[in-house]
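Quick mapping for you: the protein sequence lines, in order, are chains B and Z. For the first sequence, our numbering gives the first residue as 1, with consecutive numbering after it. For the second sequence, our numbering gives the first residue as 276, with consecutive numbering after it.
Keep in mind that a hint or two might mislead.
To be verified - Some, not all, of what chain B presents toward chain Z, calculated at C-beta under 7 Å:
#1 Ile85
#2 Lys89
#3 Arg92
#4 Val95
#5 Phe190
#6 Ala221
#7 His242
Claimed, not checked - EDC-like, lysine to aspartate or glutamate: derived pairs with alpha carbons at most 20 Å apart:
#8 Z:Lys281 with Z:Asp455
#9 Z:Lys329 with Z:Glu449
#10 B:Lys178 with Z:Asp455
#11 Z:Lys329 with B:Glu225
#12 Z:Lys329 with B:Asp177
#13 Z:Lys329 with B:Glu218
#14 Z:Lys281 with Z:Asp358
In short, the hints are calculated from the structure, not lab data. Only a predicted model underlies this, so the values are computations on that prediction, with no experimental measurement involved. Don't be surprised by glycine CBs; every beta carbon is placed ideally from N, CA and C.
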Amino acid sequence: MKADIAFGQYCEGNSFLHRLDPRWKIIFTIFYIVTIFLAKNIFAFALLLLSAVLLALSSRIKPSILIRGMKPLLFIIAFTAIINIFWLKGERLLVDFWIIHIYLEGIINALLIVTRVLLLVVGTSVILSYTTTPIALTDGIERLLSPLAKIKLPVHEFSMMMTIALRFIPTLIEETDKIMSAQKARGADFSTGSIIKRAKALVPILVPLFVSAFRRAEELALAMECRCYTGGEGRTRMNVLHSSWRDALMAGLLCVLCAGVIVLNRLGFVYNLSM
Amino acid sequence: MSAVIKAEHISYTYPGDEDTPPVQALRDVSLEIEEGSFTAILGHNGCGKSTLAKVLCMILEPDEGTLEVYGRDMTAEDATDEDVFNARRNVGMVFQNPDNQLVATIVEEDVAFGCENLGVAPADIRRRVDEALATVGMTEYARHATHRLSGGQKQRVAIAGVLAMRRRCIIFDESTAMLDPKGRREVMDTICRLNREEGITVIHITHYMNEATLADRVVVMSEGGIIMDGTPREVFSRVSELRAAELDVPQTTELLWGLKNAGWDVAVDIFDADECAREIARALERGGHGNT
């Protein structure tokens, strides 16, 4: 376990994408996801792939970081690909051996689904998580949802909770590390034995962790009170969010992309997906 | 000189529950803090010094006695939450655990937190945050993540947060207790500078004797009451009384006191190592040991 965990995956930078308004970025991300799900054929996917490459290039994030980000999804990608290749029935049989029947439609379908998953990961991470600090993200969420405060939804409280959670995750990880070392020093064993035995070994870690987390919460509440925190009402913010020409440009480009996908969907009727 | 905080005959008892009996933490404490002064409050564990800090900061309400902050009586019948809120705008507190008082993930966001709560205009907050960070010497860390700072740096960020709220009085509740020697020195340097250069009133609660020697005034607590109050020289020359209150004395004083008890003709109220060495050298020149 590392205390230096790169939380929220943010990569420092000053690119076009980094400088977009976080409120708009959230909207852009949702819009991009919708566009990905609109795509139905190879041509539309080709256009989306091109857009994803352009986005990745404009973010100036190292490709190695992007590839590392995709690693956890390898299993899901492989799994869906295999299911599609071996189980989807079509008209053009390519391989017919014993119980294995592979159809051309299956392969194409698998390719498109894998592409879709990759696009979702790259698109959302490049637009949002790699180029937005967690704090800007919660800020953006708070302000996007602020109209909901009028119908008495606790929008500010929610974003405050998010901020504090982000603040304390590294601290608690560090603490878990310390407690584990302390238990190990007294001969505790976390890595061998049956699952039940290992789960039981976690109890002496979780109990002190929770006790200390509650104590921290109490002290933090006190400190916040001393710093005149009285909730969201009458509060100002140091950093005010500004929309700029960049956001307008990005919105325009995404609209063009969406229109392009819809047009290409009608073009290629050959390999339409049946899903 | 006017009094920032004036406490008269304050008592506080922690209410007990089924398992624990109530504990009286403060008995009849009277204390007046002058504007621009640097007061150290000393005492061994459980002598009530942290309770006193919490009362002065209006976290705890005293059972008996009166507490005036900048001339407003906080214990009066008609004192409202708003009065407490206003008083807290003037009296800030820096706590012991550096981790449990920082709210935001980025240094400057955390320094801005208090100002944001007060509803200061954004451009104004920006300026105050930059000033406060410069005062504690943390400007270059403005965009850093709070959890990667050292303990001393975290405490300095906490101090900057209090300064940005333009508070004139800061209570340090054992703010150096959890730090390593380097962090402790950083924080003590900052505290001394704030007091001397910015004229900020400092109340420093500690159990490190050499930190107390930096103050203008030392208040010693024991068993919930004040037993000594005076300049560091006055207080630390009463070595046997301090020992009785289970407190140590600064190392230099301890050495000189030992020499004096052995019949040497030396002063005991010296806290600087060089000055102490000179005093011993002088005593040696004078013939040192009185018995010979």
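**Q.** Restraint status (C-alpha distance of Lys329 of chain Z to Glu449 of chain Z at most 20 Å)
**A.** Measuring from Cα to Cα gives roughly 12 Å; hence the hint holds.
Q | Agreement of Lys178 of chain B and Asp455 of chain Z with the hint, judged by alpha carbon distance not exceeding 20 Å | A | holds, 18 Å
Q.
Holds or violated: the hint that Ile85 of chain B contacts chain Z, with Cβ atoms closer than 7 Å.
A. This interface hint is violated because 44 Å lies over the 7 Å limit.
Q) Taking only the CA atoms, is the gap from Lys329 of chain Z to Glu218 of chain B under or equal to 20 Å? A) Holds, at about 14 Å.
Q. Do the numbers back the hint for His242 of chain B, that is, is its least Cβ distance to chain Z under 7 Å?
A. Violated - the Cβ of His242 of chain B stays beyond 7 Å from chain Z, reaching only about 11 Å at its closest.
Q | Evaluation of the interface hint that places Arg92 of chain B against chain Z, nearest CB under 7 Å | A | Because about 55 Å separates Arg92 of chain B from the closest Cβ in chain Z, which is outside the 7 Å limit, the hint is violated.
Q: Let me know if the C-beta of Lys89 of chain B comes in closer than 7 Å to any C-beta of chain Z, holds or violated.
A: Status violated, d = 52 Å.
Q: With a cut-off of 20 Å on the C-alpha distance, tell me whether Lys281 of chain Z and Asp358 of chain Z pass.
A: holds, 16 Å
Q.
Can you confirm whether the C-alpha distance between Lys329 of chain Z and Asp177 of chain B stays at or below 20 Å?
A. violated, 32 Å
(Q) Tell me if the straight-line CA distance from Lys329 of chain Z to Glu225 of chain B falls inside 20 Å. (A) holds, 12 Å
Q: Return the status of the interface hint for Val95 of chain B: holds when the least beta-carbon distance to chain Z is below 7 Å, violated otherwise.
A: Val95 of chain B check fails; min Cβ-Cβ to chain Z is 53 Å, beyond 7 Å.
(Q) For Lys281 of chain Z and Asp455 of chain Z, compute the direct alpha-carbon distance and say whether it is at most 20 Å. (A) violated, 34 Å
The structure shown violates the earlier hints numbered 1, 2, 3, 4, 5, 6, 7, 8, 12.
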